[in-house]
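Asker: Build out the structure end to end from the sequences listed, making use of the hints.
8 protein chains.
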Amino acid sequence: MTASDIEALLDRVRRGEVDPAAASAQILAALRAAPFEDLGFARVDTHRELRQGFPEVILGLGKSPEQVAAIAGRIVARGQALLVTRADLQTYDAVRALVPEATYHGQARAITLVQGQIPPGRGTILVTCAGTSDLAVAEEAAITAEVMGNKVDRLYDVGVAGLHRLLAEQPRLQSARVIVVVAGMEGALPSVVAGLVTVPVIAVPTSIGYGASFGGVAALLGMLNSCANGVSVVNIDNGFGGGCMASIINHL
Amino acid sequence: MTASDIEALLDRVRRGEVDPAAASAQILAALRAAPFEDLGFARVDTHRELRQGFPEVILGLGKSPEQVAAIAGRIVARGQALLVTRADLQTYDAVRALVPEATYHGQARAITLVQGQIPPGRGTILVTCAGTSDLAVAEEAAITAEVMGNKVDRLYDVGVAGLHRLLAEQPRLQSARVIVVVAGMEGALPSVVAGLVTVPVIAVPTSIGYGASFGGVAALLGMLNSCANGVSVVNIDNGFGGGCMASIINHL
Amino acid sequence: MTASDIEALLDRVRRGEVDPAAASAQILAALRAAPFEDLGFARVDTHRELRQGFPEVILGLGKSPEQVAAIAGRIVARGQALLVTRADLQTYDAVRALVPEATYHGQARAITLVQGQIPPGRGTILVTCAGTSDLAVAEEAAITAEVMGNKVDRLYDVGVAGLHRLLAEQPRLQSARVIVVVAGMEGALPSVVAGLVTVPVIAVPTSIGYGASFGGVAALLGMLNSCANGVSVVNIDNGFGGGCMASIINHL
Amino acid sequence: MTASDIEALLDRVRRGEVDPAAASAQILAALRAAPFEDLGFARVDTHRELRQGFPEVILGLGKSPEQVAAIAGRIVARGQALLVTRADLQTYDAVRALVPEATYHGQARAITLVQGQIPPGRGTILVTCAGTSDLAVAEEAAITAEVMGNKVDRLYDVGVAGLHRLLAEQPRLQSARVIVVVAGMEGALPSVVAGLVTVPVIAVPTSIGYGASFGGVAALLGMLNSCANGVSVVNIDNGFGGGCMASIINHL
Amino acid sequence: MTASDIEALLDRVRRGEVDPAAASAQILAALRAAPFEDLGFARVDTHRELRQGFPEVILGLGKSPEQVAAIAGRIVARGQALLVTRADLQTYDAVRALVPEATYHGQARAITLVQGQIPPGRGTILVTCAGTSDLAVAEEAAITAEVMGNKVDRLYDVGVAGLHRLLAEQPRLQSARVIVVVAGMEGALPSVVAGLVTVPVIAVPTSIGYGASFGGVAALLGMLNSCANGVSVVNIDNGFGGGCMASIINHL
Amino acid sequence: MTASDIEALLDRVRRGEVDPAAASAQILAALRAAPFEDLGFARVDTHRELRQGFPEVILGLGKSPEQVAAIAGRIVARGQALLVTRADLQTYDAVRALVPEATYHGQARAITLVQGQIPPGRGTILVTCAGTSDLAVAEEAAITAEVMGNKVDRLYDVGVAGLHRLLAEQPRLQSARVIVVVAGMEGALPSVVAGLVTVPVIAVPTSIGYGASFGGVAALLGMLNSCANGVSVVNIDNGFGGGCMASIINHL
Amino acid sequence: MTASDIEALLDRVRRGEVDPAAASAQILAALRAAPFEDLGFARVDTHRELRQGFPEVILGLGKSPEQVAAIAGRIVARGQALLVTRADLQTYDAVRALVPEATYHGQARAITLVQGQIPPGRGTILVTCAGTSDLAVAEEAAITAEVMGNKVDRLYDVGVAGLHRLLAEQPRLQSARVIVVVAGMEGALPSVVAGLVTVPVIAVPTSIGYGASFGGVAALLGMLNSCANGVSVVNIDNGFGGGCMASIINHL
Amino acid sequence: MTASDIEALLDRVRRGEVDPAAASAQILAALRAAPFEDLGFARVDTHRELRQGFPEVILGLGKSPEQVAAIAGRIVARGQALLVTRADLQTYDAVRALVPEATYHGQARAITLVQGQIPPGRGTILVTCAGTSDLAVAEEAAITAEVMGNKVDRLYDVGVAGLHRLLAEQPRLQSARVIVVVAGMEGALPSVVAGLVTVPVIAVPTSIGYGASFGGVAALLGMLNSCANGVSVVNIDNGFGGGCMASIINHL
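Protein chains in written order, with numbering that gives the first Met the number 0: chain D, 0 to 251; chain Z, 0 to 251; chain P, 0 to 251; chain B, 0 to 251; chain E, 0 to 251; chain C, 0 to 251; chain X, 0 to 251; chain R, 0 to 251.
Hints are computed from structural coordinates only; laboratory data are not their basis.
Predicted model only: the values in this text are computed from it and were never measured.
Just to be clear, a hint being listed does not mean it is correct.
Said to hold, decoys possible - Reference listing, derived: stretches of chain R covered by chain C, where coverage requires no fewer than 3 residues with Cβ under 8 Å from a Cβ of chain C: (1) 59–66; (2) 162–175.
What the hints assert, rightly or not - To be clear about the criterion: a stretch of chain Z counts as covered by chain B if any three or more of its residues have a C-beta under 8 Å from a C-beta of chain B, and this derived list gives those stretches: (3) 7–19; (4) 189–197; (5) 200–213.
Just so it is clear, CB atoms sit at the ideal spot from N, CA and C, and this is done for glycine as well.
Answerer: Next up, the structure:
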């Protein structure tokens, strides 16, 4: 209920078309109206698309397949696009029972259904990763960016120990509008990439490694301490967060 | 053995009704009498209800089903209420063999049997959580508070990224006497809730999250560093501790 | 602006006494009216006393003496009570220049001025600490509780390595309505105290210790893992938080 | 040396105007020519403005005043803009001896000199912080963004424990193109802000706090685990990194 | 080869009974003779009983059943006592095939065979633990002490939250010559016990707990920071180390 | 008040020599009589010598010189021996004003006064350290052991990187009854020493080192993970704890 | 394309044998030519043998058997030697299907195929480990060194708690050109070994241990803090890294 | 005393020139003779030059100027070379009083005196660092390597965010026999360097950085997790260790 809504209502009050008490109740109700749908175990945020440009995304981790499916069903029923991350096949089966058209992306562990009007991003998002083992996280970022309306270019296995593999692809780096860099182990790739480009770099550490990688902490710290400008970081293994941030920037 | 008990005994000694040696033994025995029952592997604290208002609660974690069942059997045999936390179905089966009337709460992983006289709490305890994945811990808190004689109001999935879901429920926040706030990931919900109310907020971090959530450490630290007044914290995933603390406050 | 305010305004609109556009502006303005005072570097929360029962408390740490004094001046000017924590003498000098009646508590490092009407707490808050070195934090808790209208009983240097010192004071433990337990090093005192009483125990770890105390982490972890019921924890050295939580509970 | 440069040179070789050995040496030299200036203790990256849109920025931390001044002198001598971060007054004195027009920003601990042509950013960058103690870091972000050609709006002391202070400023949040959120302690502000807007949020944790804030770790973890979309994070106290990332996005 | 051995040999050299070169070789060989048996994957320390009073103990963790059995076979073949810790049933099967008389202690996860002459300890070792869940570690300590020739008294489930359970057993505490205290969670029991006795207390933290117990770190830190005198600590879950240290002290 | 005391008293009651009410009061008083002296900021544990064989030791850290002096004065006034650890010269000045005969040990940072009857230890305590930088902690251990009545042998700077320095002193190792091993950096010395002897080894990690020594954590972890038998550990830099534990063992 | 290549090409340009545009294209192409093979999910670094003396080694961890097999197939097809680390039997099966001559080393979890010309190392590499449980890592180091052309001497189970086992083998220590020391738990062996020799020691911590070994952190820290000269360290459990570093040194 | 010494002695025994008892005493004494000089607070390892090729190096950290000077005096008196690390000017003054020819290197914080015969290293050691702030550590490495007889090439400020600065110097990288890479912040430089060369890379993390660099932990972890071959790591800020390891390799 905007200022003009209120003014219009008040005009009708003045003209006697609406009773003051009723109008008062209406204003209060509007202020109270919750833009969400209560499923008991979840409050689906039905206004998120209005507020943030993309409907609520479901993090599969820690929810039962039935819970995921129920939330997914409500989102799809409103004609909105669907994205479930960290979904296993069992969850996909539960979702598919309610949303038969949903697609499963095995490597990215994501369920998607594109519908409604997703505004397109302006440039290309480059998703790059350091090693073959980082593919799951990189794909989660890439699928997220694609579902959110972006053109995505994938450049994989270009870790810094064989620098020529990256330097050979400088034109692709230069033509991106945002770059998502996924890396585990020492997490040095974002620093090197950011030193070569003028666009924002979203760094995604992965839990790939062993021993003193401490489940991705080494990569995370490396990225937070990057000596290059224009690098910001999301959580370990958070491919979704990287792709989503890139999409938000690419839609500016 | 109180002061008047001792004086009465001494009177009988003076009157020659009791032998000094026997009286001395009686006093020493009283001082020695252990208010617990020794099962070998466990010493059931049979006076805890006297001391703390609720009988001993059994933490299922790290005990065998047989050990849990034996302790549960002793508690129930004395007519006291039963609460077992962190109990799986196998433990429930062992308990049910000895205590057929016991109930199992699947989501909360708790076994309960209400008997004896539990004094009622004075107001309502609101149990709220940030996300669907926090439900197991929130339910443990809620069941604990209910078994301990409190009226419980549940408000779930009101995380801070969609603030309107919480703001829409301010009347329920305002009408609680104590609030238990359960949250994983960044654990920001207790700060926001405590800023809106005048009652104590017990914050329960959960291990929900991944990567740099470090099994609930991020949420725990967030809650310990809360800039809001009236927040205190219990261990990660300690729904029982949150519900119990709330109940103790609610019984003041 | 409550429902009746709005209805009254609308009545005047209907009677032609108020122009709809003006009324609309008034409603919007009311909704927008910020209950705080903007000093540029700080937004003094002038409604906190209404919302939480005690005016905004100033954490001295990280603020310049001038900033503290300016905020303190605004609070006192409104007739509200003043509490500044983590204040050194230099800060006190700056505050005293603006608020000559303010008192400095050296051991607690706190500045106070009691004015206005602070509702009294219902019972006694016992503040206890494990060792002489914990006194600064314990005093911060005690002063906080006193300023907030509570009767405070102090019981110091009763660490668990000489248990008889604590056991000798059981009557004082039993007569408290809330207990704040302050301890550094291994932080075992809250568990022992909570096993002896039926009232809530607020545990405050201190940074007292060396080596593997890790600046209070050992005590913090000990308290979070307490095997006793009815213990919740605040941040390391957060005497204010402990005293404030105790006061909120004692005002229920 | 581009493709057309090489072709032109070869044409001259073919016409006999240039000796093959000389041309070969010229090509090799071009490939070798380092786009930096070697001061012995530092290699000033003179091409960074070409590569990244802004000249090299000097991190004052860990460099002697003389080293900072020498590097600053070389940058200014080339007509480029100057930004020194983490600079104390002693460093400013050394710089001013070589670059008299340089300005010192006390709260931000930064030295600046605006010269040359800095392309303007497209929208407004909002820099917001949770508490008065976060001002130094917030100012470093704001000064950085301003020097890099952006319009900056400052919104300070709007922490989540008094949510109305933030909600009252939603229009300013809505009108920003990028938002930098600076917060210490529990670091919850970025999650709340990101839930209210559709633009990218750069989160900057600060070391403000004590005890279990662990020098900013609590805030850092809170931000990395944000449940809101569109949040990425830079290092603790890295106001420069936050302002710079925001500027890069705002120049897209 | 002692001084008298050397002198005797040299006497024979002087008498011409032994050739100087041969005697030289003999001395060098003696210095070189390795007091161990080489199995390729292991060097069994056959002189440990001489050096340390008890034969080599086998840590089962990280060794295959076949490796454990082979080492155990060599020890038993020399007539020495056998102790294998952290052994599962599969390992026991492999050992039993070679050493049929070996005994398996399920709760302690230990394999033992008492043979040879183990000198008896002088007093009683009391093994006490805080909770039922600590029993596996406590039993490992008790079995270790028994195999090493000590009389062991077991006092279990006397955690500090119900202090009367411990205080009721002071005579047993007083009559021990060494006390092993096993505790998880906050690990407060050793401080309380050491405050009541004059004998050495060996504290064994366990990994029992969850959340902020961090696999026994909370208990370990609590014990290292004990404010009581006469407490020293071994590794988390190291029941063997606690029992062994107690035995060494009890054999003084 | 022992059993025979009670029986004697009751005999007198029976003979009419004592009034029952008076006797009752006497028994209750005895049970209540606190064996400590209350200084307000400290409760001096006057019965510790009875309970633990040595009077209360004052940890200087975190106490003001005046507080230390006041406690020291009370201890000396009762004719008991004095030991203050972590005392600087300012504290010594305050103590000396009250206790002129007290001695200051500069390297050990300890204040001592030997008086009363300290029972002598049975054998020699060897205090050994790895490097010259560990001397302060080693001396704290040695002074502690000496004040507590033990003969102490000092063997310093025998770190494992020059093993011959240690091996050359095997006779001194062999002739000790208890060994305190003080080491920083990698903390390997206790493992090597314990492999050479049959007596208990108390390991004291020090904060000597830099970088990844993390203030003594590396040494602490090394000692806790010792693969040698008969090693237990006290807190980082806790020379007092090491010397005290050794003394308790040496007095068995 | 070296300087002489370029000069030769330019000579041909001058002689009119090559067109300037074509020559220009050829130079640019050479600079652009990527020395790797793109499999989509991996970019096989085909020039690594030229750059680093040994072809690319495949880390099996985190790659699917099919991915490993595909990369292995490409390497073998070029006639290069094959080394896959962290390979399970399933991965071996996939590799064997493509490379039937490949060998599996069970304890080292490595797949190898020796072909092509590996230049031999100059001296012997000694691989030594502290305990039987460290064998897997030690074997990975040994196999790596052997595949890379080195003579390897294995000396296992010589931990510092039984020092004579190591001292008995000093001749083997002395005759090595590089030593790889593998140890878990307290990780003290490298310090002791490095104190006895003049050659470089590569320390490999293992995750063997429990409790406060924290998955190898204790050993890692011990090695990083070694007080001996000539010790450098690789990641926890990185037998490959240790063997490879030793081989690079041995090929100097 | 070698085998031939013993045989010669025995020959004299056989010839009656030496008494058996005297010879026996001589042999035992030789075995006992400690190759160190005992200063009380330090045991100077006088045989280290024989064992390890360079005399004992003095770590200044944690030693008093007088202790350092005394040890330095003993080393120089034997005609050996002197290296003191982590020495401040006060320490230098104390050393100079005893050893007037000693030189102080301000940036490296080292004291040196070259005398005696240091065998020269075979190739050049390249010491490279990422930023100007790493110079102190890099210089410590360089001075160490020079004092130990090596030719050193310094290449400073070539961090990965401006990769061209490093790539421009590939010939210097290629011509080194060993490379020491010093870097703070994200510590990515060793990975990039090691990918370009075939010689061993010794990585030295520095404590340069702030916030999540955690005093060099980020750099340390980055280096331990390096995906490049031929990288091993020493302690944070351990320039000495890096230079020493490089020298040992360069002397092979």
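Asker: If a hint holds in the structure, say so; if it doesn't, say that too.
Answerer: Consistency of the hints with the structure:
With 4 residues carrying a beta carbon less than 8 Å from a beta carbon of chain C, the stretch 59–66 of chain R meets the three-residue requirement, and the given coverage holds. Chain C is given as covering the stretch 162–175 of chain R, and this is violated because 0 residues of the stretch bring a CB closer than 8 Å to a CB of that chain, at least three being needed. Evaluation of the coverage hint for the stretch 7–19 of chain Z: breached, as 0 residues show C-beta separations to chain B shorter than 8 Å, against a requirement of three. Only residues whose C-beta sits within less than 8 Å of a C-beta in chain B count toward coverage, and the stretch 189–197 of chain Z has 5 of them, enough to reach three; the restraint holds.
As drawn, the stretch 200–213 of chain Z meets chain B at 5 residues by the rule of a beta-carbon pair under 8 Å; at three or more, the given contact holds.
Of the numbered hints stated above, those contradicted by the structure are hints 2, 3, listed in ascending order.
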